[in-house]
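2 protein chains.
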Amino acid sequence: MNLILLFDEDFVDADVVSLSGRRLQHVRDIHRAQVGDSLIVGKENGKIGLGHILDLDKNHITLKTEFTSPPPAPLPLTLIMALPRPRVLNRTLIAATSMGVKNIYLLHTNRVEKSFWHSPVLGETKIHHSLVLGLEQGKDTVFPNVYLRKRFRPFVEDELPEIAAETRKIVAHPQNATEAVAERTQPTTLVVGPEGGFIPYEIEKLQTVGFRNLSLGERILRIETAVPVLITKLMSQ
Amino acid sequence: MNLILLFDEDFVDADVVSLSGRRLQHVRDIHRAQVGDSLIVGKENGKIGLGHILDLDKNHITLKTEFTSPPPAPLPLTLIMALPRPRVLNRTLIAATSMGVKNIYLLHTNRVEKSFWHSPVLGETKIHHSLVLGLEQGKDTVFPNVYLRKRFRPFVEDELPEIAAETRKIVAHPQNATEAVAERTQPTTLVVGPEGGFIPYEIEKLQTVGFRNLSLGERILRIETAVPVLITKLMSQ
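Just so you know, the protein sequences line up as chains Y and H, in that order. Counting from 1, one number per residue, gives the positions in the first sequence under our numbering. Counting from 1, one number per residue, gives the positions in the second sequence under our numbering.
Any given hint could be a false lead.
[What the hints assert, rightly or not] Here's a subset of chain H near chain Y, in silico, CB distances under 7 Å, partners left out: (1) Asn2; (2) Pro72; (3) Ala95; (4) Ser98; (5) Gln137; (6) Glu218; (7) Arg222; (8) Thr225; (9) Val229; (10) Thr232; (11) Lys233.
No lab work stands behind these hints: they were computed from the structure. Here the structure is a predicted model, which means the values were calculated and not measured. Cβ coordinates follow ideal geometry from the N, Cα and C atoms, glycine included.
Only chain Y is shown next, with the shape it has when bound in the complex (with noise of 0.2 Å):
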């Protein structure tokens, strides 16, 4: 917890917040901050600022707020990708948040287990928790949005056009890689398969609307290291 993330609720003056739970938890064991101390903080979707510790026992920890400084840019990036098995679900929405990604889009594909989609980890709570996550990881404090799509080819036909216009068109594909990475960062839409890849009428479908393949590699990475390093080389300076 880079920065603690408040919301409306934590509120009981103008600038004043208490706390309870996993921030307090956190602020005591990993923190080991005192009465005086002051720490980063964010409030949901604003500023970024110091927050001084007013109070602090076992059961709540109150701070004085001030914030001064905007949240750091967005990445601009969409990142549309093949939604993961669940357990990896999680770690690369907080990779991702951390990263700066605000648009983030879960796509069913041909081998995208069905089953997949009634995980419990697709439940609003336990998204907004790994945002959450995700934003105290990289000092943010603007939530990504996280869209479900279940229809590959009315998103891919209908919707990804507008979403990926005047962007940099890229799918992550080994085969027939035809994209090489340019050197300056530019806005663009980034499309990840699952375990196991495209098909090819997926890939011809994408390519129909513009999409380039762009290849990590001899290497196959695991999704939640994959977004990462794909993010990294399409937006290094």
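Let chain Y serve as the given structure and place chain H on it in line with the hints.
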């Protein structure tokens, strides 16, 4: 498992292996392979090729193997990281191994909790298992060396100069970052700190032996994300 890693003890004949347990389960449940299919296999620290399924039932799988290609090139990067907390150590080892890192040092620093060194995840069998998973993921066969170093100063003073000789020397540390990322891949020694970062004394010691600070920007990443991102930045062509 993008490659099935085979060990000497798996061979029941010069070119025939018999497997059970985890690898059998994976071939049945994930690959859903059948007699007659071919799977990508690799020999421990050796070549890569195909395994043709001669026989498959719920207790074992028999493959006739032929090894034709060398494993992928190792990454010319030595990774030295402050020992992460147990629950992320395995994931970070898998990620680094899947990307081709061949020399990994786990180092004690001031902000590494001493208890981490007593975790069962540091057992030889556990570490070996993470390396196997990383190699299977990255389609590689060559095991990384993993070294444990519990004393920071003797390591940096006596061992590190030789490890890092003739390589670019980088420490991931945001303050006073001076090192711009070079355009082309070159042999590199990368040092990554613990949660909470290095203390000033440690940074000074590393600078004394030639290390320069590299910043990833204002966002802070989890170790299992930071390592792949740093490797990508330093090793991209």
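For each hint, the structure was consulted:
1. Asn2: The hint holds - Asn2/H has a Cβ within 7 Å of chain Y, the shortest such distance being about 5 Å.
2. Pro72: At about 5 Å, which falls below the 7 Å cut-off, the nearest Cβ of chain Y leaves the hint on Pro72/H intact, so it holds.
3. Ala95: Ala95/H check passes; min Cβ-Cβ to chain Y is 5 Å, inside 7 Å.
4. Ser98: 6 Å, holds
5. Gln137: Since chain Y brings a Cβ to about 6 Å from Gln137/H, closer than 7 Å, the hint holds.
6. Glu218: 5 Å, holds
7. Arg222: 6 Å, holds
8. Thr225: Check passed: Cβ of Thr225/H comes within 5 Å of chain Y, closer than 7 Å.
9. Val229: Holds - the Cβ of Val229/H comes within 7 Å of chain Y, reaching about 5 Å at its closest.
10. Thr232: Given a least distance of 4 Å, the restraint on Thr232/H holds.
11. Lys233: 6 Å, holds
In summary, the structure agrees with every hint in the numbered list given earlier.
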